[in-house]
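Peer 1: Here are the chains, one letter per residue:
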Amino acid sequence: MTDKIPVTVLTGYLGAGKTTLLNRILTEPHGKRYAVIVNEFGEIGIDNELVVGADEEVFEMNNGCICCTVRGDLIRILDGLMKRKGKFDAIIVETTGLADPAPVAQTFFMDQDVSDVARLDAVVTVADAKWLSDRLKDAPEAKNQIAFADVIILNKTDLVTADELAEVEARIRAINPYAKLHRTQKCSLPISEVLDRKAFDLDRIIEIEPDFLEQGHHHHHDEEMQSISLKLDGEVDPEKFMPWISNLTQVEGPNILRCKGIVAFPNEPKRFVFQGVHMILDGDVQDDWKPGQKRDSKVVFIGRDLNEKAIKEGFLATAA
Amino acid sequence: MTAQTAPSLTQNVTPIDAGAHVTAIGWLKATTAFALGDGGVLLTKDGETHRVEAHPDAGILVGMSDGERFVTGGDDGRVAVTGADGSTKTLAETKGAWIDSLAVSAGGAFAYGAGKRVVARDDKGREKVLEVPSTARGLAFAPKGYRLAISHYNGATLWFPNVEAKPETLEWKGSHLDVTWSPDARFVVTSMQENALHGWRLVPDKGNMRMSGYPSKTRSFSWSGDGKWLATSGAEAAIIWPFESKEGPMGKQPRECGVRHAKVSRVAFHPNTYVLGVAYEDGCILLIRLTDASELLVRPAVEGSGVTALAWDKSGKRLAFGCEDGQAGILTLPT
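Chains as they are written, first to last, in full-length UniProt numbering: chain A, 1 to 320; chain B, 1 to 335.
FYI, nobody ran anything at the bench for these hints, they're computed from the structure. The beta-carbon is built from N, C-alpha and C at its ideal position, and this holds for glycine as well. A hint or two may mislead.
Stated by the list, open to error - In silico DSS-like pairs for lysine-lysine, Cα to Cα no more than 27 angstroms straight-line:
| id | chain 1 | residue 1 | chain 2 | residue 2 |
| --- | --- | --- | --- | --- |
| 1 | A | 260 | A | 240 |
| 2 | A | 180 | A | 32 |
| 3 | A | 298 | A | 260 |
| 4 | A | 87 | B | 29 |
| 5 | A | 186 | A | 198 |
| 6 | A | 85 | B | 252 |
| 7 | A | 186 | A | 137 |
| 8 | A | 4 | B | 263 |
| 9 | A | 85 | B | 95 |
| 10 | A | 270 | A | 231 |
| 11 | B | 144 | A | 85 |
| 12 | B | 166 | B | 124 |
| 13 | B | 228 | B | 144 |
| 14 | B | 29 | B | 89 |
| 15 | A | 312 | A | 180 |
| 16 | B | 317 | B | 263 |
| 17 | A | 87 | B | 95 |
| 18 | B | 166 | B | 29 |
Stated by the list, open to error - Chain A is faced by these chain B residues, among others (derived, beta-carbon under 8 angstroms):
| id | residue |
| --- | --- |
| 19 | 59 |
| 20 | 61 |
| 21 | 75 |
| 22 | 97 |
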């Protein structure tokens with residue numbers, strides 16, 4: 001179905017500028033109508049939009065899996081919004097500063113009623129250039145929000161020096177090198193950089209490359225949260241690869257926030273593309289390998305306390 | 001037998017253009033009230049229709065009738081009441097919270113949920129408020145007495161609003177959606193996020209009952225007039241659980257009626273015979289007689305017109321339906 005309603009999730013620590021960004025999205029002359037799901041009323045000064053208050057009720061699914069959580073309030077609100085279909089073109093979900101983005105994202109994969117009508121477009125994280133480094137030290141939520149993001153808006157860059165900015169960017173990149181990063185003041189950026197990203201669309205996972213060029217970046221290592229990028233020169237054996245990725249995400253699921261990959265199977269003209277959130281995996285064969293394109297296999301994981309050596313050995317052992 | 005070959009009652013259906021997603025239907029004697037996603041209530045009687053702006057510039061999320069009045073809850077945070085004469089007024093108002101759970105009792109009492117707060121107002125207008133641990137998803141009055149069942153995360157709460165005693169808690173892990181009380185008051189049943197039903201046998205022992213195997217969530221229940229059967233939506237057939245014995249459906253197989261390649265979206269038992277109205281996501285509606293599983297076609301499948309509301313009038317002579325695209329209709333049974 002192509003007419004699923006796109007949903008953008010806005011996260012970010014308290015005071016980073018989420019509301020500024022939201023107001024910017026709503027006031028731009030884009031001709032689109034949004035339903036906005038917020039946690040606190042009052043801060044948005046828009047009358048014409050459909051604004052809904054949410055309670056951030058995180059529910060465990062009754063299936064024995066501790067990381068299989070969904071946002072119960074979101075399921076309920078989307079059910080209600082569908083009775084007013086045609087009144088809006090897209091949905092924006094603003095989370096509180098302390099929220100973990102995973103239950104929001106998982107709601108779009110675990111609830112059939114929701115996934116029938118809506119699709120997660122992207123997780124957009126607004127970060128405060130001046131305070132993010134401190135928050136990454138003392139607030140696990142801030143780290144989750146950076147690790148989870150498809151788009152990171154590093155805001156309030158006017159409040160820091162060039163060195164401080166480079167420092168905070170390096171910290172972000174240590175956790176999540178793949179998100180698209182924008183430096184802004186007052187969240188000023190083209191709205192197209194935030195909306196309609198199709199970040200969770202397997203069709204759009206064309207390349208898995210870091211969002212920056214290695215230009216003598218001084219390297220940071222976050223002790224707890226890291227990204228692991230692995231490449232195998234050649235094809236993987238689906239008989240080995242599928243059980244491996246499925247087992248890894250089952251066992252390490254609570255620690256893996258996001259994963260993505262493009263791999264080559266022998267005698268398969270199409271690329272196998274997958275992505276995941278904690279234990280949930282979504283994958284399919286997509287698009288042909290182009291003539292002359294090197295049939296190699298790449299996977300990335302962003303997570304907490306991941307055993308890079310074991311994951312690497314496991315992946316390399318799936319070689320065809 | 002399939003829908004295509006079922007004998008047809010389609011010529012007995014009066015079509016109605018409701019104009020917007022039909023969220024609920026109520027019968028006010030000879031008048032049918034359709035609650036709409038665009039905030040209106042469409043009243044029809046003898047082929048005449050009249051639209052009432054019950055929730056201006058808003059949407060109606062839930063509606064229920066006690067036979068005299070049609071009570072609706074909206075995303076404007078209001079509970080409104082509309083009469084067969086077209087009059088409408090506000091019964092209650094909250095700040096911002098959506099009203100998507102509601103219960104009315106024949107005696108004139110009503111209750112609504114606004115987030116975690118459940119507000120009950122009795123027939124004398126005395127209002128009581130209960131805070132439940134998480135958002136109240138479903139409400140249902142006990143068949144007799146002023147008692148309310150409230151479904152929420154990790155169980156349900158049974159509350160006598162006019163009694164000081166602590167409400168009774170029925171625990172079961174997971175997110176409970178809608179709730180219903182059996183007509184003999186022995187059972188409380190909820191639908192769950194995990195595509196299952198959960199029930200509690202209130203007498204003698206609060207025993208748990210799990211009814212699973214659905215491919216999707218159950219969002220419509222209907223008890224047979226004598227309370228012996230509970231029909232449910234959520235599968236590609238109506239799933240009908242036997243509640244005749246003291247144990248309820250435990251250890252018994254449910255009946256499956258109206259198997260088609262489309263999910264059942266609404267069910268409605270005829271008030272005094274074993275005939276079930278079964279409506280599907282593809283727009284089809286069948287009447288099925290439980291005794292011999294014979295089927296009558298009320299409406300063929302219509303693309304983009306899944307059935308979202310279905311209700312018999314009190315005497316069981318007419319069946320009203322409404323759909324996601326605003327199509328609606330009333331079947332009058334031939335006499």
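Peer 1: Against this structure, judge whether each hint is valid.
Peer 2: Against the structure, the hints come out as follows:
A C-alpha spacing of about 17 angstroms is found between residue 260(A) and residue 240(A), which places the hinted pair at or below 27 angstroms, so the restraint holds. Restraint check for residue 180(A) and residue 32(A): satisfied, since their Cα atoms lie roughly 23 angstroms apart, inside the 27 angstroms limit. Between residue 298(A) and residue 260(A) the CA atoms are separated by roughly 8 angstroms; this keeps the pair inside 27 angstroms, and the hint holds. Proposed proximity of residue 87(A) and residue 29(B) is contradicted: the alpha carbons are some 33 angstroms apart, above 27 angstroms.
Taken as a hint, the residue 186(A) and residue 198(A) pair is honoured in the structure, with Cα atoms around 24 angstroms apart against an allowance of 27 angstroms. For the suggested pair residue 85(A) and residue 252(B), the alpha carbons sit about 40 angstroms apart, so the restraint of at most 27 angstroms is broken. Of the pairs offered as hints, the one joining residue 186(A) and residue 137(A) holds, with about 24 angstroms between alpha carbons and a cut-off of 27 angstroms not exceeded. Straight-line distance between C-alpha atoms of residue 4(A) and residue 263(B) comes to about 20 angstroms, which keeps the hinted pair within the 27 angstroms bound.
A hinted pair counts as satisfied when its Cα atoms are at most 27 angstroms apart, and residue 85(A) with residue 95(B) qualifies at roughly 24 angstroms. Among the hinted pairs, residue 270(A) with residue 231(A) is consistent with the structure: their alpha-carbon atoms are about 18 angstroms apart, no more than 27 angstroms. For the proposed pair residue 144(B) and residue 85(A), the alpha carbon gap of about 38 angstroms is over 27 angstroms, so the pair is violated. Among the hinted pairs, residue 166(B) with residue 124(B) is consistent with the structure: their alpha-carbon atoms are about 22 angstroms apart, no more than 27 angstroms.
At most 27 angstroms may separate the alpha-carbon atoms for a hinted pair to count; residue 228(B) and residue 144(B) meet this at roughly 17 angstroms. Our distance criterion of 27 angstroms between C-alpha atoms is met by residue 29(B) and residue 89(B), whose separation comes to about 20 angstroms. Only pairs whose Cα atoms come within 27 angstroms are accepted, and residue 312(A) paired with residue 180(A) is accepted, the gap being roughly 25 angstroms. For a cut-off of 27 angstroms, the pair hint linking residue 317(B) to residue 263(B) stands: about 26 angstroms separates their Cα positions.
In summary, the hint linking residue 87(A) to residue 95(B) is supported, as the alpha carbons are separated by about 22 angstroms, within the 27 angstroms threshold. In summary, the hint linking residue 166(B) to residue 29(B) is not supported, as the alpha carbons are separated by about 38 angstroms, beyond the 27 angstroms threshold. Hint status for residue 59(B): holds, given a least beta-carbon distance of 5 angstroms to chain A, under 8 angstroms. The closest approach between the C-beta of residue 61(B) and any C-beta of chain A is roughly 5 angstroms, which is under the 8 angstroms cut-off, so the hint is satisfied.
About 6 angstroms separates the beta-carbon of residue 75(B) from the nearest beta-carbon of chain A, less than 8 angstroms, and the hint is met. Annotation: interface hint on residue 97(B) holds; nearest CB of chain A at approximately 7 angstroms, less than 8 angstroms.
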